[in-house]
Each structure stands twice: as structure tokens, then as C-alpha cells.
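J.: Same order as they appear, the protein sequences are chains S and C. Residue numbering for the first sequence follows the working numbering, beginning at 1 and increasing consecutively. Residue numbering for the second sequence follows the working numbering, beginning at 1 and increasing consecutively.
To be clear, the hints were calculated from the coordinates, so they are not data collected in a lab. Treat the numbers as computed from the prediction; the structure is a model and nothing was measured. Treat the hints loosely; a few may be bogus.
[Unchecked claim] With a cut-off of at most 25 Å between alpha-carbon atoms, the simulated SDA-like pairs for lysine to any residue come out as follows: (1) S:LYS232 x C:GLY202; (2) C:LYS224 x S:THR221; (3) C:LYS232 x S:PHE234; (4) S:LYS224 x C:HIS194; (5) C:LYS75 x C:GLY383; (6) C:LYS162 x C:ALA69; (7) C:LYS232 x S:THR221; (8) S:LYS224 x C:HIS23; (9) S:LYS224 x C:ALA196; (10) S:LYS224 x C:GLY214; (11) C:LYS232 x S:ALA108; (12) C:LYS224 x S:THR227; (13) C:LYS232 x S:LEU415; (14) C:LYS75 x S:ALA424; (15) S:LYS232 x C:GLU407; (16) S:LYS232 x C:THR410; (17) C:LYS232 x S:VAL121; (18) C:LYS235 x S:ALA424; (19) S:LYS232 x C:LYS232; (20) C:LYS224 x C:GLY202; (21) C:LYS224 x S:LEU218; (22) C:LYS232 x C:GLY214; (23) S:LYS235 x C:TYR412; (24) C:LYS224 x S:ASP193; (25) S:LYS232 x C:ASP24; (26) C:LYS235 x S:ARG20; (27) S:LYS232 x C:LEU30; (28) S:LYS235 x C:VAL27; (29) S:LYS232 x C:TYR412; (30) C:LYS232 x S:ARG20; (31) S:LYS232 x C:LEU415; (32) C:LYS162 x C:ASP91; (33) C:LYS224 x S:ASP205; (34) S:LYS235 x S:THR80; (35) S:LYS224 x C:SER217; (36) S:LYS232 x C:ALA223; (37) S:LYS224 x C:GLU17; (38) S:LYS235 x C:ASP24; (39) S:LYS235 x C:THR410; (40) C:LYS224 x S:PHE234.
There are 2 protein chains.
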Amino acid sequence: MIETKQHETGQRASMRELARRAHDASVSMLSATPEQKTRAIRAMARGLLDAQAQILDANARDVGAAWAAGMGSAKVDRLTLTVARLRDMADGLETVADLPDPIGRVFAESVVPSGMRVSRVRVPLGVILFIYEARPNATADAAAICLKASNAIILRGGSEAKESNSAIVSVLSDALVSEGLPAAAIQTVPRYDHEAVNELLGMNDSIDLVIPRGGESLIRTVAKHSTIPVLKHFKGNCHVYVDAAADLRMAEEIVVNSKVQRPGVCNAAEKLLVHERVAAGLLPQLAQRMDTVELRGDDASRALVARIGPATEDDWSDEYLDLIMGVKVVGGVGEAIEHINRYGSAHTDTIVTADEETAMRFLHEVDSASVLWNASTRMADGGQVGLGAEIGISTDKLHARGPMGVEELTSYKWLLIGDGQLRA
Amino acid sequence: MIETKQHETGQRASMRELARRAHDASVSMLSATPEQKTRAIRAMARGLLDAQAQILDANARDVGAAWAAGMGSAKVDRLTLTVARLRDMADGLETVADLPDPIGRVFAESVVPSGMRVSRVRVPLGVILFIYEARPNATADAAAICLKASNAIILRGGSEAKESNSAIVSVLSDALVSEGLPAAAIQTVPRYDHEAVNELLGMNDSIDLVIPRGGESLIRTVAKHSTIPVLKHFKGNCHVYVDAAADLRMAEEIVVNSKVQRPGVCNAAEKLLVHERVAAGLLPQLAQRMDTVELRGDDASRALVARIGPATEDDWSDEYLDLIMGVKVVGGVGEAIEHINRYGSAHTDTIVTADEETAMRFLHEVDSASVLWNASTRMADGGQVGLGAEIGISTDKLHARGPMGVEELTSYKWLLIGDGQLRA
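Here chain S stands alone, though its shape is the one from the complex:
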């Protein structure tokens, strides 16, 4: 009994210590120069390639353990690193290195009636706790993006990737030190029990933001337990609406790309809404082309395509993350908007139409983080919208909404410069 207790206290102290080191590192990062950060991120990219053998070795141990534990092949694929994937990771870091430095950027500058010069300037958030799933390539991305904004990051990846993540973070930390930056600006949580995370979620004195990425229940648990602000990355029940005025060839390409280009990610489309006037012209051909996709539809769509199975009420709000798509025939853009705002997840939705007025109504009235016109839902991504890189796609309305890049990991402060101004 006593032993257990001491053991627990020891564990708690070590999480406290981890957070304290991150906090101290974040204070040191306040004096990091843009050049230092850029050089450190380039050194990380080189380091990943130089340490290729060790990282692939570590990853092989994770993959072996995953097979042994009976992990499904899609998940094992996400976990697996290859020379090509390591090169992609390094290229991703070079992209982040090239991004403009957000820190110290002055915005909203003005001289107010009292004569004070008022400006706001970007500052780091501080310490970010990133809780994520098994993909080890997210590790380097997230660390580099946080570092670019002069933050310290605590990485809590899935236990399945622990050997890989530990090998990667060791390379990243070495790169920091080689450029005179604190090693503790990038740390992993060495424990994989829930207790460790819960302890960290209570440390609002040393951690400034939590970003959980993963299943809905993980995110809800984090949001419930955290005393630290949380930026949530909930599910994407994304829609493609094909309007009566759509170019049907373009519509077909957009539906296929939105659904099958990478079905397991949050901005893949899950639902297809088709205007009744073009349903007969689109659905049969589309069903034939997407022969690997299970279709679940309403009566009207099933009357047009025999292989569409029946959709239940739950289907309209489900996120499949798989080769399944719900199909519904609607009377017009109004019904489509209403359906999306009711059943959707306010993540990413697109309209295909040649009619500008209809498109503008859709863009304005669909209450989602990203609303597209004549483009695949997969285009709503940090890299594609010009952020250079992303740490995730926020489904929150506070602070950051939709794709989150480097600037979304900053705060700001007000600078007021006067010559003796007093309040009357």
C-alpha cells in the first residue's frame, strides 16, 4: 500500500516536472530569433534523414508489436514509416522553416484621439499539449509548427507509436540544442496511462492550450477533464451538394475525389445531396464509378440506383471514415442548406453549381468552418488554403476555426505608446 502511494506521488511529480520544464523552455523561447528557429527546423529535417536507420528501426518495433496485438491493416499502414514517408516529413519541415515568422508581427496599428499609438503584436501562446493518434508523421509536423510560433510543445501520441515518436523527438530535440534553443521545447509524455494525461490537464498554471486530435470520445473526455483551454477537433460529417445548375462532369469528379481520395480523414465527404432535377443524370454513372463505395440512400435515390441500400436516420449524422456514403435527393439549395445545418458537423461542405447566386447563398448560409464552391472537400486543408502546414482542423468557433496553421498558435498583446496620457 505504502509503496503504491509513493510510486503514485513519484509519477505525479514527474508530470509536474515535465510541465515545469516545458514552461521554462517557453520562457526561453521568447528570446529566440526568427533565424534561430528557421535554422533549428532545417536541422530537424536533416536530422530525420540522417537518423533514418534508427527511426525506421524504432518504427519496425512499433509495427511488429501492432501486428502481434492484432491491429487492423489500415491502422498499421498509418503507423508505418518508410524512407519515402521520412522524406515527406523532412520536406514538410522545410516548408514550415520557409513560412514567415508570426512572432512580433504588428497588426491593427492606429493613433487614437488621445494621441497614443496603439498596436497589437503577435506573441507565443506558451506551452501547448498535443494529444493525438497513432500516425508518427504528425509528431514532427506539430513540433515544427509550434516551434515556428516560439511555443514549447508536449507531445502525447498513441502508445502504438511510442518507439517511433521517441526516436523522432530525440532527433528534434538534438536539432534544437544545436541551434542554442532549449531541448525541453519539444518533449514527449513518457507515460501512456490515462492518469498521466489527466494530471497534465489540471496544470493550467504551466500549460496554455490543449489540442486533442483523435476519436470523438477522446476529445470529449479531454474537454471534460481539462482546466486548460481546449481547441477541439471533432468529427467531419462533410457534404457535397450537387445543384441543378451543376456541370455534371465536374460534380462527378468532385464527389469521387471528396469521398475516395482519402476516406479516413476528417475532411473526406460522407454525404451526397443531389438536386432532384439532376439526380437521374448523375447518380447511376456515379454509383458505377464508385463501385468500391457502399451507398446508403433515401427512397428517391434508391429508385434511381438499385445497389443503393436504405439509409437510417442515424446515417445522416454519422461520420464513417470509410468507403461508405449517404445519398439524398433534395428539392433545392434551401433544403440542402437546412439538411447540412441540421445533420452536419459544421466542418467542411461544398456546393457544385454554375449559378453564382445559388453558390453565394450556400456559402453564406451553411454554418460550417469551411464552405466551398466547385472544389473537393479535401481542399479544406492547411496546406491547400495557404497556411503552409496545419496542426489540425478546429471545429471550435473560439480562437481558431477550420484549418489551423502557425499563426493560430499565437496570442497577441496590446502596446500603448503615449506621452503622458491620463484618464479624464
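Starting from the known structure of chain S, fit chain C onto it as the hints suggest.
T.: For chain C alone, kept in the frame of chain S given last:
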């Protein structure tokens, strides 16, 4: 037993109903035009003046009850409305009416390499729950600022001001209706028990943001219980640092104004740090001039001014909100910065100096929401920094930091306009 249960269920249902009405109103507000909102806010201002007699009557009942309950005179003063204060409230509303409309404003527009036109556009947050203290003039301000950003607001003021707030909100709602806007966009919580607030804090499906303003324990309780994002308005332990290179006449004016112009508010100064080279030239005269202010100092300051009492360690982190000031002699700007970052509340701090390099170091290194140079801490206020009006001063780093105006009550969405873009 059964009766109690039914009663409780009834209460719960009514909070749920209140939140649902607010949510529905926020959806209607999406189609409010800028002109409609401006006209409604002007109608509110007129309404306050037209209903002057009823509002002052209601306020007199609150004030009478407050005296009877033994409330202190400073608090009763904050609660009391007069013709002049009602006119100030109306003027405040006219100011908000004149502010530019933030909704629909496009920012960060670009054409990305794929040819998509990418922009972000301001949208309302939705429903805001504002929990605040006794001052009834905050009611009209907060409602108008929320409305300007097309949000619905639920107001939960102090029970001491319930008659006043109810009379004011009745006028505001009538003004909404007169311009075709939903009355439920501005509602008060009709119950003053903690349970009512706790129920609302669980309704993250219909409320988007909570802004608590008041004592520290209220804010901590709200942050702990809320499943809705909270923008905290914690205490202001604000500092004036008088540097060796300060114009001592300016310094004296800034210290006095920061401390005594309105000692009960969060951006009033609580601490004075003085460079050792100017302490003897500043402190004796200042102590004489601020004869209504109790001074608590370190040994060095007490050696210069006999009437300075001893400061304890707690004094350095306390927020007095009263005519009390802590005084400390420091060796230079570095020690001042270290002291402020250690004991301060990251709210508002100012330096008085004629030396630009010293000022720049202070502005850069003090980690506070507002950092000033040669201006009173009282100038860090929404109205003074050009926001037109403020709903409070955020001590959070996420979403909004420092003075919060209309734009800080908005979110944004991404609009992606393409011509068939697909993800490769």
C-alpha cells in the same frame, strides 16, 4: 417529494427553454442587416431615455433593498442609476451604433497555387452568456456590443440589480422588436440561484461562449463548471514602473492617475516600482500628494518616506481595488520586468521613461495583455484604445486578450471558391 421533483424539472426545463430561445434568436440574427442592427441600437438608446421614469423607479427599489440589506456605500453607489448615468448609457449605445459592422467583413484573401480563391469572413459567435456584477449600466453596454456582432445574449447580472436590469432589458427587447429583430436576442436569467447558472453552463449545444466578470472566485467557479468555452476576466494587479530616465513630473501624474482616478476597477494600478536613482526625487512628493492612499513598501522606500507601512510578501500579488498601493525600489528595468512577470497578473503594466531602448525592452519582455509606455494604466480600456466600447478586459491568451470589443465577439469561416479543384 414528487412535488419537489416536478418543480425542479420545471425549473430545468425553463433554463433549457431560455437557452433554446436564445439559440433560435441567434439563427434569426444571421439575416439581420447592418442597418437593422444600427437602428435597433439607436432605438435602445432612445428607449432608455423615454422609459427614464420606470427605470429609475425600478432602480430605486433595488437601492432601497440594498440599503436595507446593509450593502456598503461604495457598492450602493455602483448600483445607483441617475438621470446623468442613464444619459451616459444612452450615449454609450449611440457609440456602439456608430461602430463599423464586423459581420461579413472579408479578411486574409488570397488566390492559392491551385487557383482557388481563399478568404476568411467574420461571422457571429452565436449565443453569449454574460455573468456579471451589480452595475446595471453594464447591461445595456454588453447587450448592444453583442447585438452589433449579430449574437444573442443571455444576461445574468447580480440579484441586487434585478429590478433595474429587468426594466432595462424590457426596453432593449422592445427596441429589437420595433426593428424586426427577435426579442429573445437579449434575455435575462429570471433566477438568481447558483443552480440556474450551473444548468446553463452545461448547455454547450446552444450556448457558444461564457464571459464571467466579477470576483476571482466567481470566475474560477464558472471556469470549473462550464462545458462551454469561457473567456476569463481575472484580476488586475497592475504596475507603474518609473525608470531612472523618467520625466518625474510626468511620472507623478501617471502614478496618481493610475492609482486614484478610479481605484475599484481592474486596470487601476496596485503597485509602484521606482528606479533607485529617482526614488528620493519622486517618493516623498508623491506620498504627500496621494495622502488618501495607504502605502505599503519595502525597506528602501520606507527609508525615504516615514508614512509608508511595511509590505508583506502577499502584498506583491494582491489586487486591492482600493486606495492602497504597494511600493518597491528596484535596481533597474530588468528587476522591474522580473518582478512584474513573477507577481503581476499579466493584465496591464506601464513604464515611465524617456529612454526608448529601455521602453522597448519593457514593452517586449513584460508578458501582459496591455503594456504601456508613458501613459496611465487606466488608458488600457476598450474605449481608449479605439474599440469604441468594451465588454471587458480578457486575461486569457486564447481568442481575445486585453480589451474586448465588438470584433472579439465574432468567429470566422473559410470560403473556398474554385473551378473544380481536386486533391492530388
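J.: A separate judgement is required for each hint: does it hold in the structure or not?
T.: Taking the hints in turn, this is what the structure says about them:
1. S:LYS232 x C:GLY202: It holds: about 17 Å lies between the C-alpha atoms, which stays within 25 Å.
2. C:LYS224 x S:THR221: The hint holds at about 15 Å.
3. C:LYS232 x S:PHE234: Roughly 24 Å separates the two Cα atoms, so the pair holds.
4. S:LYS224 x C:HIS194: holds (20 Å)
5. C:LYS75 x C:GLY383: holds (24 Å)
6. C:LYS162 x C:ALA69: holds (15 Å)
7. C:LYS232 x S:THR221: Roughly 22 Å separates the two Cα atoms, so the pair holds.
8. S:LYS224 x C:HIS23: At roughly 23 Å apart (the allowed maximum being 25 Å), HIS23 (chain C) and LYS224 (chain S) satisfy the hint.
9. S:LYS224 x C:ALA196: holds (20 Å)
10. S:LYS224 x C:GLY214: holds (24 Å)
11. C:LYS232 x S:ALA108: The given pair, whose Cα atoms are some 23 Å apart, holds under the 25 Å limit.
12. C:LYS224 x S:THR227: holds (7 Å)
13. C:LYS232 x S:LEU415: Measuring from Cα to Cα gives roughly 21 Å; hence the hint holds.
14. C:LYS75 x S:ALA424: holds (22 Å)
15. S:LYS232 x C:GLU407: With Cα atoms ~22 Å apart, LYS232 (chain S) and GLU407 (chain C) stay inside 25 Å; holds.
16. S:LYS232 x C:THR410: Given pair LYS232 (chain S), THR410 (chain C) holds - Cα atoms ~18 Å apart, limit 25 Å.
17. C:LYS232 x S:VAL121: holds (21 Å)
18. C:LYS235 x S:ALA424: holds (23 Å)
19. S:LYS232 x C:LYS232: holds (19 Å)
20. C:LYS224 x C:GLY202: holds (11 Å)
21. C:LYS224 x S:LEU218: holds (19 Å)
22. C:LYS232 x C:GLY214: holds (10 Å)
23. S:LYS235 x C:TYR412: Answer holds: LYS235 (chain S) to TYR412 (chain C) is near 19 Å, not above 25 Å.
24. C:LYS224 x S:ASP193: Holds, because 24 Å separates the two Cα atoms, which is no more than 25 Å.
25. S:LYS232 x C:ASP24: Given pair LYS232 (chain S), ASP24 (chain C) holds - Cα atoms ~24 Å apart, limit 25 Å.
26. C:LYS235 x S:ARG20: holds (24 Å)
27. S:LYS232 x C:LEU30: holds (24 Å)
28. S:LYS235 x C:VAL27: holds (22 Å)
29. S:LYS232 x C:TYR412: holds (16 Å)
30. C:LYS232 x S:ARG20: holds (23 Å)
31. S:LYS232 x C:LEU415: holds (21 Å)
32. C:LYS162 x C:ASP91: holds (23 Å)
33. C:LYS224 x S:ASP205: holds (14 Å)
34. S:LYS235 x S:THR80: holds (24 Å)
35. S:LYS224 x C:SER217: holds (20 Å)
36. S:LYS232 x C:ALA223: holds (17 Å)
37. S:LYS224 x C:GLU17: holds (24 Å)
38. S:LYS235 x C:ASP24: Holds, at roughly 24 Å.
39. S:LYS235 x C:THR410: holds (23 Å)
40. C:LYS224 x S:PHE234: holds (22 Å)
Of the numbered hints listed earlier, not one is contradicted by the structure.
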